[in-house]
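K.L.:
If you're matching positions, the sequence shown starts at 1 in the UniProt record's numbering and goes up one per residue.
Among these hints, one or two may not hold up.
Quick list of simulated restraints, FRET-style, between CB atoms [to be verified]:
id : residue 1 : residue 2 : range
1  : K78       : H31       : 22 to 28 Å
2  : R141      : T84       : 22 to 28 Å
3  : K78       : T134      : 29 to 35 Å
In short, the hints are calculated from the structure, not lab data. C-beta atoms are modelled at their ideal positions from N, C-alpha and C, and glycine is treated no differently.
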Amino acid sequence: MSSFSSSVTLGTPSRDRALEACSNSDIKTLHSMLSEQGELAGKDDDDLISLFMARAACTGQSKSLEYLFAQYPEFPLKQNSLGTVHNNIFYGQNALPIYKLLVERYPFLREWDLGEVADHLGSATMVNDLEFATYLLEVERVDASKARFFNRPILRLLRMAKSKRVSQ
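Whenever a hint applies, use it, and build me the whole structure from the sequences.
P.N.:
Dropping the structure here:
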């Protein structure tokens, strides 16, 4: 572990300021917070880097992600460290631009899903993110018949929703 990751524990002001900087794409503050610890944070600490990247993904801050990519080119040391970062794409703002940025850097994320919750298309559809759903269908060529949300086929859920609207 680097000196940063061992000195910045959950709930500390330094970590919280760095997370806030990730949320606002305040690269100057983020760089300062990471640099003041001596060597830049966590070159061997996937968990800490993942925490910062997840915050940037959830808040839709591509500039923060790009900065973190540049600072930590070896991240992730363990592929599963990207789990929270990946999932936060779908729970935050600017999902499509963040998704594109992450899959450009980590192409294998295209094959990931949200576990039992949904796959990419199912998630985008259920939050009514038409731009993201269209991208997945037209550019990534995702098969709509395989899309799911809570283990239910998304096409069936959409048909049920449509029939309820028609009958009302």
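K.L.:
Hint by hint, say whether it matches the structure.
P.N.:
To see whether the hints hold, each was checked on the structure:
1. K78 / H31: 22 to 28 Å: holds, 25 Å
2. R141 / T84: 22 to 28 Å: With a Cβ separation near 27 Å, R141 and T84 satisfy 22 to 28 Å, so the hint holds.
3. K78 / T134: 29 to 35 Å: holds, 33 Å
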